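Using the sequences provided together with the hints, build the complete structure.
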Amino acid sequence: MKTRGGYNIRLQGKPTKELIALSEPKILHLPLKTKRFSFTELHVKDGAHVAEGAVLASDPRNQNVPLIAPRGGIVNLKQVPGHVTIEKVEAESTSPQPKLPSLYEVPTGIEQKEKIVRTLLAKGAWQFFTDAYTARVPDPSKPPQAIIISTINLEPFSVRGDAQLETHFAEFAAALEKLQPLLEYQPVWMVFPAYQSELGKKMRDFARGKAWIEILEIERKYPFDNDTLLAKRLGLKAKDGPVWCVRTEGIIAVDSALNKDRAATTRMIAVGGASVAKPCHMKVPVGYPIASIMEQVGLTEPSRLVAGGVFTGIEMNGDEKGLDSESLSLNAIPLAYKREILAFTMPGFSKRSYSHTFASMLRPGYRERKPAIAYGELRACINCGFCVEVCPAGIIPSALHKAIYADDLEGCETLRPDLCVECGLCSFVCVSKLDLRKEIIEVKETIRKEAELLAEGAQE
Amino acid sequence: MKWLLHFLEKNREKVEEGKPLAIWKPLYEAIENFIFATARPTTVAPHVRDPIDLKRYMMVVVIALLPATLAGWYFNGLRVLALIVLSYVVGGIIEVLFAMVRKEEIAEGFLVTGLIFPLTLPPNIPFWIAAVGVAFGTIFAKELFGGTGRNLFNPALAGRAFLAIGYAKPMADAANFTVPVAAFPGNLFRWIDGSTTDALASATPMMGAKSGNFEPISNLLFGLHPGSIGETMSILIIAGGIFLLLTKVAAWRTVFGILASVGIFQAILHATGVSAGTAEWHLLAGGLLFGAFFMATDPVSSPVTNGGKWIYGILIGLVTVLIRDFSGYVEGVMFAVLFGNLVAPFIDDIALSMKMRRLGREA
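These protein sequences, in sequence, are chains A and B. Take 2 as the starting number for the first sequence in my numbering and just add one per residue. Take 13 as the starting number for the second sequence in my numbering and just add one per residue.
Simulated from the structure, these hints should not be mistaken for lab results. These figures come from a predicted structure and were not determined experimentally. Please note: incorrect hints may appear among the correct ones.
Below, computed lysine to any residue pairings styled on SDA-like, alpha-carbon distance capped at 20 Å [to be verified]:
| no. | chain 1 | residue 1 | chain 2 | residue 2 |
| --- | --- | --- | --- | --- |
| 1 | A | Lys18 | A | Lys203 |
| 2 | A | Lys403 | B | Leu354 |
| 3 | A | Lys339 | B | Arg24 |
| 4 | B | Lys14 | B | Phe46 |
| 5 | A | Lys36 | A | Asn63 |
| 6 | A | Lys403 | B | Arg162 |
| 7 | A | Lys403 | B | Met366 |
| 8 | A | Lys403 | B | Asn318 |
| 9 | B | Lys260 | A | Lys203 |
| 10 | A | Lys203 | A | Glu172 |
| 11 | A | Lys339 | B | Phe46 |
| 12 | A | Lys238 | B | Met368 |
| 13 | A | Lys211 | A | Leu184 |
| 14 | A | Lys339 | B | Thr55 |
| 15 | B | Lys37 | B | Val27 |
Rough simulated footprint, nothing fancy, chain B against chain A, three-plus residues with beta-carbon under 8 Å [unchecked claim]:
| no. | stretch |
| --- | --- |
| 16 | 113–124 |
| 17 | 372–383 |
| 18 | 411–422 |
Just so it is clear, CB atoms sit at the ideal spot from N, CA and C, and this is done for glycine as well.
And the structure:
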C-alpha cells in the first residue's frame with residue numbers, strides 16, 4: 002500500500018540524546034489514570050508496606066495490566082486524589098507483604114509460550130504491546146499474525162528510538178532472543194528510518210543476522226510510525242488476527258521482565274518543548290514527581306505541560322503529581338503570545354505553515370517556537386482540503402466534520418471515521434481552526450456505543 | 013496601538029450577552045480580530061496549531077489578485093478604485109447586518125468577494141448596477157445559504173451572473189469598456205466613464221471573435237484590449253495565479269483541469285475547422301484565466317476530493333468551449349464555473365463513495 006499524507010513540524014525543544022539520571026525522591030505518586038489505562042482494581046490497602054515490584058492496582062478492562070510499585074515503601078492512598086503514593090521508609094518492614102494476586106503468578110510446568118506472556122503481563126511489560134487494529138492492549142492468549150517492532154517515535158516530542166538504542170542495545174538484542182519462542186511461523190518486522198546512520202547500520206546488521214526478522218524502512222514523516230499504518234503498509238489485514246506492535250521501550254521492558262526478572266518500572270522518558278531550557282532524556286521511575294522533573298530541566302516561561310507528544314498528549318492540569326505509567330515523554334509548550342497587529346498581512350518569517358502562505362517558506366530548516374495558541378478564530382469549514390492532504394488514513398476529515406455538524410450519524414459512518422488513527426494532523430492544519438481530531442474521536446465513540454446497543458438489542 | 017487593545021479589552025463586557033450593546037458584538041469582534049491576532053489558546057490536542065487562519069488564507073487571494081487589479085486601474089482609471097470601495101462597502105454592510113441578526117461572527121470570506129466582484133465588471137458600469145450585483149451575490153448566493161463556507165455558488169460570480177442576465181445591456185455594451193492606453197502613466201490618474209471623450213471600445217476580444225476578428229495574442233498577454241477590469245492582462249493574472257498555486261490556496265488540479273480541457277477541446281475544434289479560434293487564443297482571451305485561477309478554485313464551491321477536482325475542472329473547460337463556440341453568448345466562463353459549482357456536490361458524492369470503498373478494502 003502506498004503511504005498518504007503525513008507532515009513533519011519542526012519545533013523548538015527537541016530532546017538531545019543526553020541521558021540524565023535523577024536522584025531518588027522520597028515520595029512517588031503513581032497516577033491511577035493514564036491516557037489508555039484506568040487502574041480501578043486496587044490490590045493494596047492504605048498504609049500497607051510494599052516491596053519493590055508489588056502489584057498496586059490493575060486495569061481489568063485492559064487485559065489486567067498491572068500498576069507496579071517501582072520500589073518499596075508505605076502505601077498512602079489518600080494523600081493525593083487519584084494517585085497511589087509510596088513513601089520510602091528507612092526501617093525494614095516486619096509487617097506481612099500483600100499477597101501477589103493469583104492472576105500474576107506464573108506457575109511452573111506450563112507451556113513456554115504461555116509462560117513468556119504471563120511473565121510479561123506480571124512484570125509490566127505487556128502494557129507496551131498494542132494491537133495494530135484496535136489500538137488496545139492485545140489479548141495475550143491469542144497468537145498474533147505478525148509482530149511489528151518499531152524503533153522510531155516520530156511525534157514531537159517522544160522518547161527517541163536512537164537515544165534508547167544507544168544506551169540499551171544489549172538489552173534490546175537480548176530481549177529479542179527471548180521473544181522468538183513466542184512465534185511459530187509468524188513474521189517479525191523491524192521498522193527503521195530510511196536513512197543511513199551508524200546506529201542504523203548496526204541495527205540493520207543485527208537484524209540481518211536473524212533469519213526470522215524482516216526489515217521495513219520508512220520515511221521519517223509523522224505519523225508513519227503509527228501501528229495501524231505500519232500494519233496496513235505491510236498488507237496485514239484485520240481479519241487475519243491481531244498484529245502485535247511494540248516499540249523500543251517495550252522491548253527493553255521485555256528484557257527487564259524476562260532476563261532480569263524485574264518489573265519495567267524505571268524507564269527512559271523524553272522531556273522537550275520550546276519552553277524547556279535543557280530538553281533531554283531522563284531515566285526515572287514511574288510516579289516520579291513531575292515538579293522535580295521540570296525543575297531539573299528548567300522551565301523558561303509559563304507553559305502548558307503535556308503528558309505525551311504535542312499532537313496527541315494530554316494536558317496536565319496540575320492534579321497529576323507524578324509521572325504516569327504510560328507516558329514516555331513530557332512536553333512543555335509556551336503559553337505567552339503577544340497579539341500581533343494585522344498579523345494576516347505580515348510576511349511571517351518565523352511562522353512555519355503547512356500551507357505555503359508565510360515567508361518562512363524561504364527559510365528552510367529552522368525550528369519554530371510554537372505557543373499553545375490556535376492562531377485564529379473558529380470559522381465554518383471552507384473545504385480548503387488541507388486536512389485531506391495530510392490525513393495518513395486517507396479519510397476526508399472535512400466531509401466528516403460536515404456530517405457531524407449536520408448530526409448525520411449514518412453519513413458519518415460511510416465516511417469511515419473508524420479508519421482515523423488520531424494523529425491530529427487535520428486539526429493542526431485546519432484553516433478554520435476546527436478541532437477535527439476531537440470531533441472524529443467523539444463520533445467514533447458514538448458509533449461504537451450505538452453498535453453495542455444494537456448488538457445488545459439483537460441478543461434480547 | 014496598545015491603547016486600542018486596551019480600549020477594546022476594557023469595553024468587551026459592554027457587548028456581552030444581555031448588555032444593551034450586545035447586538036454589536038459581531039462587529040466588535042470583527043474589528044478586534046481584524047487588527048489584533050487572536051490569542052485563543054488551544055483546548056484539546058494537538059496543542060500547537062498551524063499559524064494559518066481564514067484571514068490569512070483570504071489575504072493570500074487578495075495579494076494574488078493585486079497585479080490584475082493594478083493592471084485594471086492602469087488601463088481603466090480611478091473609477092476602478094471607486095468600484096472596489098463601493099463593492100467592499102455594500103457587501104461589508106450586508107455581511108455585518110447578517111452577522112448581527114444571526115449573532116454569529118463575521119467571516120473573512122468577504123475580503124475576497126469584495127475585490128473579485130468588481131474585477132469581473134466592465135469598467136464603466138454605472139455604480140448603482142455594481143451595487144445591486146454585489147448585494148445580490150452576497151445576500152442570495154452566500155448569506156441565505158448560511159454565510160462563508162456554506163454557499164453553493166461563488167458569490168461574486170452569482171452576482172455577476174445576475175447582472176449579466178438582469179442588466180444584459182450595460183454589462184455587454186461596448187461603450188462601457190475602455191480602450192487601454194499603454195504609454196505610462198496610462199489612465200492611472202484619470203477618471204474615465206461613459207461621459208468623457210475617451211476612446212470607448214468598439215468591442216472586446218470575445219465580441220470580436222464572434223465576427224471572426226481575433227485580437228493578436230500579444231495584446232491579450234499585455235492587456236492592450238478592452239475588457240472587464242481584471243481580466244485583460246493575462247500575464248499578470250498568470251503571475252497571481254501561480255502565486256496562488258504555490259501557496260497551496262488554489263487547487264492546481266482544478267486549474268489544470270480547466271486549462272487542459274479548454275486547450276484540448278479547442279484545439280480539436282480548430283483542427284477540424286469547426287472553430288476559427290486557436291487553442292492558445294481561447295486560453296488567453298476573455299475571462300478564462302481569471303475564472304480558472306480565481307473563480308473556479310474557490311474552495312467552498314469546489315469538490316473536496318482530488319479526483320473530483322479534475323472532473324470539476326474538465327467539466328468547466330468543456331462547458332466554456334461549448335458556450336464560446338456553439339451559443340449566442342460571447343463568453344462562457346462565468347456560466348461554466350457556476351455550472352461546475354452546481355454539480356460539485358454530486359461529483360463529491362460519487363468521488364467520496366468510490367474513495368471510501370477503496371479504503372474499505374485496505375484494512
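Right, here's what the structure says about each hint:
| no. | hint | result |
| --- | --- | --- |
| 1 | Lys18(A) x Lys203(A) | holds, 17 Å |
| 2 | Lys403(A) x Leu354(B) | holds, 18 Å |
| 3 | Lys339(A) x Arg24(B) | holds, 19 Å |
| 4 | Lys14(B) x Phe46(B) | holds, 15 Å |
| 5 | Lys36(A) x Asn63(A) | holds, 12 Å |
| 6 | Lys403(A) x Arg162(B) | holds, 10 Å |
| 7 | Lys403(A) x Met366(B) | holds, 19 Å |
| 8 | Lys403(A) x Asn318(B) | holds, 18 Å |
| 9 | Lys260(B) x Lys203(A) | violated, 41 Å |
| 10 | Lys203(A) x Glu172(A) | holds, 15 Å |
| 11 | Lys339(A) x Phe46(B) | holds, 15 Å |
| 12 | Lys238(A) x Met368(B) | holds, 17 Å |
| 13 | Lys211(A) x Leu184(A) | holds, 14 Å |
| 14 | Lys339(A) x Thr55(B) | holds, 18 Å |
| 15 | Lys37(B) x Val27(B) | holds, 5 Å |
| 16 | 113–124 | violated (count 0) |
| 17 | 372–383 | holds (count 12) |
| 18 | 411–422 | holds (count 4) |
Going down the numbered hints, you'll see the structure goes against 9, 16, while the others check out.
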